[in-house]
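Based on the provided sequences and hints, a complete structural model is requested.
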Amino acid sequence: MSVTTASRLRMPASLNALRNIIVFLMKSPTSLFGLCVLALLILVAIFAPLIATHDPYAQDLANTLQAPGNTHLFGTDELGRDIFSRLVWGSRITLTIIFLVSIVVGPIGLAVGAASGYLGGRFDTVMMRITDIFLSFPSLILSLAFVAALGPSLNNAIIAIALTSWPPIARLARAEAMTFRNADYIAAARLQGASPLRIIVKSIVPMCLPSVLIRLTLNMATVILTAAGLGFLGLGAQPPLPEWGAMIATGRRYMLDSWWLVTFPGVAILCVSLAFNLLGDGLRDALDPKQMNRR
Amino acid sequence: MTVSVETRNLSITFGHGPTALKVLPDVSFLVEPGECFGLVGESGSGKSTILRCISMLTDFWKGDVLINGKSVRDMPLIERCRTLQMVFQDPYGSLHPRQSVRTVLSEPLRIHKLSDHEDRMQKVLTDVGLPVSFLDRFPHQLSGGQRQRVAIARALILEPSLLLLDEPTSALDVSVQAEILNLLQRLRELHGFTYIMVTHDLAVVDHMCDRFAVMLRGEITEILPREAIPGCEATHPYSRELIGASLEYEGHA
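Top to bottom, those sequences are chains A and B.
If you want our numbering, it's the position in the first sequence, counting the first as 1, plus 6.
If you want our numbering, it's the position in the second sequence, counting the first as 1, plus 2.
These are calculated hints, taken from the structure and not from any lab test.
Treat the hints with caution; some may be incorrect.
[To be verified] Here are the in silico distance ranges between beta carbons for each label pair:
(1) B:194 x A:33: 53 to 59 Å
(2) B:112 x A:21: 40 to 46 Å
(3) A:20 x B:62: 37 to 43 Å
(4) A:38 x B:116: 45 to 51 Å
(5) A:142 x B:28: 48 to 54 Å
(6) A:147 x B:46: 51 to 57 Å
(7) A:32 x B:94: 29 to 35 Å
(8) A:132 x B:212: 47 to 53 Å
(9) A:38 x B:138: 29 to 35 Å
(10) B:181 x A:132: 47 to 53 Å
(11) A:132 x B:62: 20 to 26 Å
(12) A:20 x B:112: 18 to 24 Å
No residue lacks a Cβ here, since even glycine has one placed at the ideal position from N, Cα and C.
In structure tokens, the structure reads:
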């Protein structure tokens, strides 16, 4: 047997684990709902050009503020743009925000948390005081400050959200790492001559990963809300981008007469953040090591 | 290669200032090459601490630990790892729950840049009496005895000369205990290891060890040969009491 056979043998195991998790999630109605909404969101984002009935940027000043009806499923906004098409295209923006924030926040939080939890001492103190500083600000206010400093745009909003949402993850990973660092298997790894970096990457991180993943999923709901909040305040996505929060912000002025301007983007934000919360909850059950053995 | 182990005036204190706790005041003993040396005593008498000091898992001790006359402090990490390895008490806590047997065994080979991974892993698994197909199993798919065999295989894969055994059987079933002890016995005959074995079971000492030290509150009260157990030939009152109690228990059991 060679190394290639080894890796070929290991691949199905991880795929199997993924399938197990999805099967587990489908068993409970709430996480099934989350999974379905997410699948829908991703499909809508991928096939946006096919699904959207109109051009999201096409203005039709003769048909402004049309109520939902046959030609415009969710009505039109103050510039006559089709709200349904804007929602469909907006799902791409939402997914981009979630994806970018998660791939920045997850590794940073995990690295900082696992390293300070395992190494302890001065490194831990310094890192934890830094996270303390970040945690002591309300995250929306801090993102506001960052966006104000960097200038309002979607990319800066993503950077600002990422900067404010890694500390809770680092804290979580640190707490997990501290419970494992005195385990016998870590002592065994040290006796085998593994460097601290190797121990963190190979032994500590895999143990912290499930809870960080759960936290990240639950965090996505907050990310969506913060992005929408920044968009609403005019500091996130700039017009004419069809970002859901920005749509609510512009629709606010016509809210009393034209309810559809704020309702549909609001419902979309609600559904997606609810879906992420329910999915995170389901993942917590699915990834719990105590339940792993039962499968 | 068989190695001797000597500790000279080993002492360790945990904590600072008025709350400092001196766990080992002054421990000295000599283990001959190829010998199985037992450390017995009640809980908290510092048996496991001695092993953690010898293995440098705790490194703030004072005194000397010499392996074949060479201080463990002066040994480079790589050499130290290939000289001594440890087997832990609880096989449920000493294997990484998310690593397969293959990962557990190949990791040390990769760290030490050794070749022939597959051959070495298969050999060591066969040595500890497990089928080669177990390589792709995870700890939760193994029984307690099988886990302990994997833990022993992990200790053996770097071909050390000194094995530190920290109550290797106390978390196991009685029948499995015998299997593991026989395995350790056989491995010693095969490879000529030096064992230092912590236990609080004198029956295990009687089965395995050539000599043993009785510990009380961090101090070695007496070092006795195995033959002293049946006749209770200890001179120190605490050792006499311990051996007497054990014999009495065995007699009634």
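Evaluation of the provided hints:
no., hint, in the structure
1, B:194 x A:33: 53 to 59 Å, "55 Å, holds"
2, B:112 x A:21: 40 to 46 Å, "24 Å, violated"
3, A:20 x B:62: 37 to 43 Å, "41 Å, holds"
4, A:38 x B:116: 45 to 51 Å, "48 Å, holds"
5, A:142 x B:28: 48 to 54 Å, "50 Å, holds"
6, A:147 x B:46: 51 to 57 Å, "52 Å, holds"
7, A:32 x B:94: 29 to 35 Å, "31 Å, holds"
8, A:132 x B:212: 47 to 53 Å, "51 Å, holds"
9, A:38 x B:138: 29 to 35 Å, "32 Å, holds"
10, B:181 x A:132: 47 to 53 Å, "49 Å, holds"
11, A:132 x B:62: 20 to 26 Å, "23 Å, holds"
12, A:20 x B:112: 18 to 24 Å, "19 Å, holds"
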